[in-house]
Amino acid sequence: FLHYQAIVSRTPIIRSDQMMLLVVAALGLVAFYVYKSIKPPPPIPLPENVSEISPRIKLNDGRHLAYRELGFPKDEAKNKIIILHGFASSKLVDLKITKEMIEEHKIYFLLFDRAGYGESDPYPSRTLKTDTYDIEELADKLQIGPKFHVLGMSLGAYPVYGCLKYIPHRLSGATLVVPILNFWWSCLPLNLSMSAFKKLPIPNQLTLGVAHYFPWLLYWWMTQKWFAPFSQNPRETMTERDIELADKYTKHAYIKESALRQGEYVSMQRDIIAGYENWEFDPTELSNPFSDDNKGSVHIWCALEDKQISHEVLLYLCDKLPWITLHEVPEAGHLIIHEKQHFEDIIKAACS
Numbered sequence: 001f002l003h004y005q006a007i008v009s010r011t012p013i014i015r016s017d018q019m020m021l022l023v024v025a026a027l028g029l030v031a032f033y034v035y036k037s038i039k040p041p042p043p044i045p046l047p048e049n050v051s052e053i054s055p056r057i058k059l060n061d062g063r064h065l066a067y068r069e070l071g072f073p074k075d076e077a078k079n080k081i082i083i084l085h086g087f088a089s090s091k092l093v094d095l096k097i098t099k100e101m102i103e104e105h106k107i108y109f110l111l112f113d114r115a116g117y118g119e120s121d122p123y124p125s126r127t128l129k130t131d132t133y134d135i136e137e138l139a140d141k142l143q144i145g146p147k148f149h150v151l152g153m154s155l156g157a158y159p160v161y162g163c164l165k166y167i168p169h170r171l172s173g174a175t176l177v178v179p180i181l182n183f184w185w186s187c188l189p190l191n192l193s194m195s196a197f198k199k200l201p202i203p204n205q206l207t208l209g210v211a212h213y214f215p216w217l218l219y220w221w222m223t224q225k226w227f228a229p230f231s232q233n234p235r236e237t238m239t240e241r242d243i244e245l246a247d248k249y250t251k252h253a254y255i256k257e258s259a260l261r262q263g264e265y266v267s268m269q270r271d272i273i274a275g276y277e278n279w280e281f282d283p284t285e286l287s288n289p290f291s292d293d294n295k296g297s298v299h300i301w302c303a304l305e306d307k308q309i310s311h312e313v314l315l316y317l318c319d320k321l322p323w324i325t326l327h328e329v330p331e332a333g334h335l336i337i338h339e340k341q342h343f344e345d346i347i348k349a350a351c352s
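Numbered according to the UniProt record's numbering, the sequence shown spans residues 1 to 352.
Just so you know, these hints were derived from the structure itself, not from any lab. One or more hints might be untrue.
What the hints assert, rightly or not - BS3-like, lysine-lysine: derived pairs with alpha carbons at most 30 Å apart:
1) 129 x 58
2) 78 x 99
3) 248 x 340
4) 256 x 74
5) 99 x 225
6) 256 x 225
7) 248 x 165
8) 198 x 129
9) 99 x 320
10) 39 x 96
11) 295 x 256
12) 129 x 74
13) 99 x 147
14) 199 x 307
15) 295 x 248
16) 39 x 129
17) 225 x 106
18) 307 x 320
19) 340 x 256
20) 147 x 295
21) 96 x 141
22) 78 x 39
23) 78 x 141
24) 307 x 295
25) 225 x 96
26) 198 x 106
27) 295 x 96
28) 129 x 248
29) 129 x 141
30) 225 x 58
31) 295 x 78
32) 348 x 248
33) 147 x 348
34) 106 x 307
35) 58 x 307
36) 199 x 147
37) 99 x 295
38) 348 x 78
39) 320 x 58
40) 307 x 141
Can you build the whole structure from these sequences, using the hints too?
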C-alpha cells in the first residue's frame, strides 16, 4: 500500500489550464477537419493552350465562355437557337438532326459551356440570374442578332426560366425539354410538389434537400463515403429505352471528361445549387413575352414515361400559363432529346 501511495504521489497531475489547452486543441483539430471536408477545392486549372481547344469569348467581368457554332451561317440564318446543355454535359452534346433539316429551316445553333463546365471559366457565385445574363452577353459578343431562341434540356433548362423572366425582350422563342422542377417553388400546391418529390429515389431527395437548405454543405455531401448521393439503381430514374440511350452516350466518354475537366464542384454541383436554391420568382409569375406584334412561342416537352420529371406538375404550370404549348410524348423517357425523331420534332416546333 505504501509503495502504491509512493507511485501515485509521483504521477503528474494535469492542471485545469493544461486540460483547457487539450480541449481547445482537440476542438481546433475537429474544426479544421470539418472545414477541409466542406470547403470545395479550387477548380482544376485549364491548359495554357485552352484557346486552341475551343473558341471562347471574354465577358465584361473578365471570365471566358467557351462555345461551339453549328448549322447555317448566322448572318443568313432564319432561326437562331442557343442550346443549353444538360447536367454533367457540355457544348459537345450530339444534336440528332440532319443536314437537310438544318438547311430547310436555315438553322444556326450556338452551344456553350456554362460557367465551370468544359473550357468556360468558373463563377463561384453562379446563379440562375448570372447564367441568364451570360447567355445574353454571349449572344451580343458573337453578334447573332437582337433576338434568339433558347432551348434547355433537363436540369440545363433552368436558365430558360431565367431568360423568360429577365431578358424576355431578347427572345424569339423558348423551349424547355423535360425541364427541371424546383420542388420549393411557392406557386406549387404542397400536395403536388411533395407527391412529385417523393417519387424520386430517397438518395436523390436527400441530395436536392441539401442543395436547397444547406448549399454550403453540398460538396461534402457529394464526396462523403457513407451514402450514395444519387440512386445507384438506374431503373429507379430511367426507362429501359433511357438506359439503352445512356449506354450509347457513355461510349462518348470524352464529352463527360471534357465537361468536368475543371472539377465536379464548379460544374455539376453548382448546377444543382442554381437549379434548386430559392429563386427570385416563381414560374407562374412569368408573363407572355410574345404578342401579335411580337411573334414567338414557348414550348414545354413532357415525356410521359419520364421517371424524373412529374407530368402532373408540368400540367399544372401550363394550366397557369396557357400561352405555353405543352407537348406530351407517349412512350418516351427522360432522354427524349437523344432520340432523333423526337429531337427533330422539337426543333420543328421551335422554328414554326
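Would the pair residue 129 and residue 74 pass a check requiring their Cα atoms to be no farther apart than 30 Å?
-> Satisfied, since the Cα-Cα distance of roughly 26 Å is no more than 30 Å.
Pair hint residue 320 and residue 58, alpha-carbon separation not exceeding 30 Å = Measuring from Cα to Cα gives roughly 39 Å; hence the hint is violated.
Quick one, are residue 96 and residue 141 close enough, alpha carbons at most 30 Å?
-> holds, 27 Å
Straight-line Cα separation of residue 256 and residue 225 no greater than 30 Å?
-> holds, 22 Å
Is residue 39 close enough to residue 129, meaning Cα to Cα at most 30 Å?
-> Roughly 24 Å between the alpha carbons, so the hint for residue 39 and residue 129 holds.
Given the hint that residue 307 pairs with residue 295, test it: the Cα-Cα distance must not exceed 30 Å.
-> violated, 34 Å
Residue 78 and residue 39: Cα distance at most 30 Å?
-> Cα-Cα ~47 Å, so violated.
Decide if the proposed pair is consistent with the structure: residue 99 and residue 225, CA atoms, cutoff 30 Å inclusive.
-> violated, 46 Å
Between residue 106 and residue 307, does the CA-CA distance stay at or below 30 Å?
-> violated, 35 Å
Please work out if residue 198 and residue 129 have their alpha carbons no farther apart than 30 Å.
-> holds, 28 Å
Are the Cα positions of residue 225 and residue 58 separated by 30 Å at most?
-> At roughly 38 Å apart (the allowed maximum being 30 Å), residue 58 and residue 225 break the hint.
Proposed proximity, residue 320 with residue 307 (alpha carbon, max 30 Å) | holds, 23 Å
The structure does not agree with the numbered hints 5, 7, 9, 10, 11, 15, 17, 22, 24, 25, 26, 28, 30, 34, 35, 36, 39 and 40 stated previously, though it agrees with the rest.
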